[in-house]
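Visitor: Go by the hints and put chain X onto chain Y.
So the sequences go chain by chain: Y and X.
Quick note: the first sequence uses UniProt numbering, first residue 1, plus one each step.
Quick note: the second sequence uses UniProt numbering, first residue 1, plus one each step.
Rather than coming from a laboratory, the hints here were simulated on the basis of the structure.
Among the hints, a few may not be true.
Short, incomplete list of chain Y residues facing chain X, as computed with Cβ under 7 Å [unchecked claim]: (1) Ser168; (2) Gly171; (3) Asp173; (4) Ser252; (5) Glu255; (6) Met258; (7) Thr290; (8) Met291; (9) Leu327; (10) Gly416; (11) Cys584.
Glycine residues also receive a C-beta, built at the ideal position from the N, C-alpha and C atoms.
Number of protein chains: 2
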Amino acid sequence: MPQYTAPLEDIQFILHDCLNITNHYENIGYQDAADESLVNAILEEAAKFAGEVLSPINYSGDQQGCKIENGVVVTPEGYVEAYQQYCEAEWSALAFPTQYGGQGLPHSLSVVTSEMNAAANASWSMYPGLTHGAISALLHHGTDELKQQYLPNLITGEWTGTMCLTESHCGSDLGLLKTRAIPQEDDSYAITGTKIFISAGEHNMSQNIIHLVLARLPDAPEGSAGISLFLVPKILDTNASSTLTDNQVTCSAIEHKMGINGSATCVINFENSKGFLLGQPNKGLACMFTMMNVARLATSVQGYAIAELSRQASLEYAKDRLQMRSLSGIKAPEKPADPIIVHPDVKRMLFTQKSLVEGSRGLAYYVASLVDKVETHHDSDGKFEQRLSLLTPICKAFMSEIGFESTNHAVQVLGGHGYISEWELEQQVRDSRIAMIYEGTNGIQALDLLGRKVLRDKGAALADWVSEVKTQALKSSETNSELARQLAHYCDEWLGLAQQIGQKASEDMDEVGAAAFDFLMYSGYLSVAHILLQQAEIVKTTNRSEAFKQAKQQTMTFYFARILPRVKTHKALILSGNDTLQCCEFEI
Amino acid sequence: MPQYTAPLEDIQFILHDCLNITNHYENIGYQDAADESLVNAILEEAAKFAGEVLSPINYSGDQQGCKIENGVVVTPEGYVEAYQQYCEAEWSALAFPTQYGGQGLPHSLSVVTSEMNAAANASWSMYPGLTHGAISALLHHGTDELKQQYLPNLITGEWTGTMCLTESHCGSDLGLLKTRAIPQEDDSYAITGTKIFISAGEHNMSQNIIHLVLARLPDAPEGSAGISLFLVPKILDTNASSTLTDNQVTCSAIEHKMGINGSATCVINFENSKGFLLGQPNKGLACMFTMMNVARLATSVQGYAIAELSRQASLEYAKDRLQMRSLSGIKAPEKPADPIIVHPDVKRMLFTQKSLVEGSRGLAYYVASLVDKVETHHDSDGKFEQRLSLLTPICKAFMSEIGFESTNHAVQVLGGHGYISEWELEQQVRDSRIAMIYEGTNGIQALDLLGRKVLRDKGAALADWVSEVKTQALKSSETNSELARQLAHYCDEWLGLAQQIGQKASEDMDEVGAAAFDFLMYSGYLSVAHILLQQAEIVKTTNRSEAFKQAKQQTMTFYFARILPRVKTHKALILSGNDTLQCCEFEI
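In isolation and in its complexed conformation, chain Y is listed as follows (with noise of 0.2 Å):
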């Protein structure tokens, strides 16, 4: 335990029931994704990789860790096969166009393996995670010479890519990095400088790594307007298919972490390495940001699903683990207990998790279907572009929180054996930890929601946002009515805080950081109600099992009855102001 299985008829509750999706696929040119036949055999197929190849090397993957020798990482047992596997079925080449060798599938297909992946094995997943974000910037923002010679073998997976960004001395703050690009005759740069906390950045599951690297150039501004990005391979192709040349990358030290052990964290050095620019000199922040979305949506998958993982093994356990009386009366008679699972607390732990996995899940997929929008150019106002800016930040921050809310939760249900390694809940804590920080931490997530989605443009995007859910949940059946109104009125409530915040900090600019992060934690509570609310009125039109439709309602209920009073507290929180933040002791 626990083992990983894709819950795939949630997944396909959302995608087709919810999301129309194969519909969606047709309407933005993916007519082979138009098959819901095609994108069901598609997900087992998937399913089974996760369950069956990335879920048993879970446990020992963190337990063995990665290893570095001379420079050279070694990725746990099992995991360079594993890879192997996952290039040969094709999985690297997914979402990736035909012109390149990928399988021109849509990217919100790819967004539900994924989920699988890091559900079943978070660690191992890093690494084709981090090389999808290297094909989107070079797709983005390569040159035709560049994306020639470096798209296939990526799509392939026979190499990988890594981001290349924190220093030591700035993480949040990437103004401040010194890594130099000095312009070489041939138009190429040299890199030189060290990076830190760069994921996948060496291993043994590929033959080559292709880093895109922050750097500044000789004469650049100072601060985040004289960053440029440049991809610099660990191995130089010189011809594309001739010799390989070593380009002075190494690997110094890989960190030790508090969890997502058998993912790689390297410290990167490179030395007059070969380089070159990927679009214009000075816009690399900006080159960089258009891949966030994507990256961003990643993180916030990762987190509910890591925290689907240790649902499973929770529920599991609690059928299974017989301890006391029911309160209520005896459950089990033929039994020396009852089974955990007859008491009210622990209901209330599993409810928890799952409630709010699947209304991330449902979340996360309709985000997934507006990245597929505008990255096909699906969007002639700019209306899904800007919701989507909205909705990232909220997903990441509100995911990656819950998550490992989650998996706290399972650790809780299993009492001592959940603080137990070989159990590997404790793992699911640890590996969830990171999706808080990593991607930009929750902080910046709900600085950047409330500064530029919400604040900047006069709370467009949020009015657009919260009049659909409001539209929506007015629409509810009569069964749900009650609880739809309940959320009207939130919406109208969260429209006035974003005023109300908007008021203050014109005043004090600092009132945007004091209200930010429960700002964002309210819009993701009030956000995935809504998407539960939906489902639990779109499950009755299908013809899905009684328990499934049963199961989507009390879902719905119990959330707006034990999770959604949790903006109550949100609120006052938005409301209480930065003077509440002074403290002597705080002065610098």
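Guide: Just chain X now, kept in the frame of chain Y:
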């Protein structure tokens, strides 16, 4: 980092200014301790031991963990030496009767020194902590002969103790346990069985280990009414001072855990091991319960103690780490960026830690003073014991929850570095997680509070406490009168909620379990609000520094604005009822 520095000023403020502790010591018969300078000298020495001896081996102990070879458990480097210093300085004897070699100081003083030890090195502090429990059991339930034979060596620390309760199939439900005790002709018992999760069950720090073991007599009734308590030494000291004989107590394995890796968590096998009955036959559970308040208070203290360590480290980091500029204007123009403590979201996380830790400390010391009164029989009408019983589950669950929350805030303040082991903060997250589980899971604490401590006496103990909170609040000065009225209002709500649950429970006992956890947290937040308001009021009348006074007022204000509103959510959840927990997937 992090180096632990005991927060002596806050500790002394609570003991002397808030609790008038030397007066209290005098009133309960500890004349020697009724000297403020003596108390302070002890605190300073304890701070030195924790900071200079235990803190430096905290991280290395986590990295090395315990090792087992042929049943011999080796603790991390430096543990044995630190323990020797501990015993030589007579810390082990601090709060035990002089009759058996103790120093005869009050229990509440040892709670403070335990806090320092747990903060500096949670794993190491488990070893003396468990001995403490064994000594208490012997003092309360041992025959004179057993006391004479075992107490002196336990009190010098030459021998250590354990509590052997859990078996693989039973933790929360001890009624299921199977370990057998067969009466022997010499009035001893032959104990046979396997116990798991035995902290300090085997190690290389002492000559002998005295196990307190729950087991069943041959004719014992089923369930928890058939459990007896036995003293089972690892090595038999047959003649007080002569030959030592092996008693067939073996450690077959140690657990690999999420944290507290320096604490050996053992599987202990008893094979016809000679044991001695403590207390009456079949009354073992009751014997254990007499020690429960003390053990649970120790776990409460561990919760906020580890959080204190994290708090110190994250505060230091936040003042040091330069990243971005304050949104409200540059704060450190001479530096390339502002220290991150200028950002409101960072302040929010630091202040959350500070207010929760300081409030918890205040409540814990108050509860420790109740233990003093009960243990010295200064409790003629049983009021103190009643209050102690009420507050103990609140402290255990609330302080372990907020301890874990706080260590996570500290990690988040450090961003990526927080996730890296060498920064030593992820260790605190892992170490603090166990307190939510052991000594009775927090779900069990919640049931204990609501079922046994509130509803069973029809709310009398609760009403008594709430009335004190309200009365105190309404005595507040004009400055704090608005917050005081807020607290008074919540007091009425608190009692009302208990009544409502009671009414519902009379129809369905599962309503207790459905409300218990949120009721406990609700009670915790209000109890701590009372403590912090009291501190803010009392500090004004002292000659503490202006900065200390200001910080106390600011901490209380922060808490009322940004922590106390959590009760709004808990209230909604308390009222949501058992119906909302029903899910068809949870059927057995």
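Visitor: State for each hint whether it applies.
Guide: We went through each hint and held it up to the structure:
About 9 Å separates the beta-carbon of serine 168 (chain Y) from the nearest beta-carbon of chain X, more than 7 Å, and the hint is not met. Nearest Cβ of chain X to the Cβ of glycine 171 (chain Y): about 5 Å, under the 7 Å cut. The hint holds. Among the interface hints, the one on aspartate 173 (chain Y) holds; its C-beta lies about 4 Å from the nearest C-beta in chain X, closer than the 7 Å criterion. Restraint check, serine 252 (chain Y) versus chain X: the minimum CB separation of about 15 Å is more than 7 Å; hint violated.
A hinted interface residue such as glutamate 255 (chain Y) counts as satisfied when its beta carbon comes closer than 7 Å to some beta carbon of chain X; here the least separation is about 5 Å, so the hint holds. Because the closest C-beta pair between methionine 258 (chain Y) and chain X is about 4 Å apart, less than 7 Å, the hint holds. Proximity of threonine 290 (chain Y) to chain X is violated relative to the hint, the smallest CB-CB distance being about 22 Å (cut-off 7 Å). The interface hint given for methionine 291 (chain Y) is violated, since its Cβ lies 19 Å from the closest Cβ of chain X, which is over the 7 Å cut-off.
With a cut of 7 Å, the hint placing leucine 327 (chain Y) at the interface with chain X holds, because the nearest CB-to-CB distance is about 4 Å. At about 5 Å, the closest approach between the beta carbon of glycine 416 (chain Y) and any beta carbon in chain X falls short of 7 Å, and the interface hint on this residue holds. Interface hint status for cysteine 584 (chain Y): upheld, as the beta-carbon distance to the closest one in chain X is roughly 5 Å, under 7 Å.
Against the hints set out earlier in the document, violations occur for numbers 1, 4, 7, 8.
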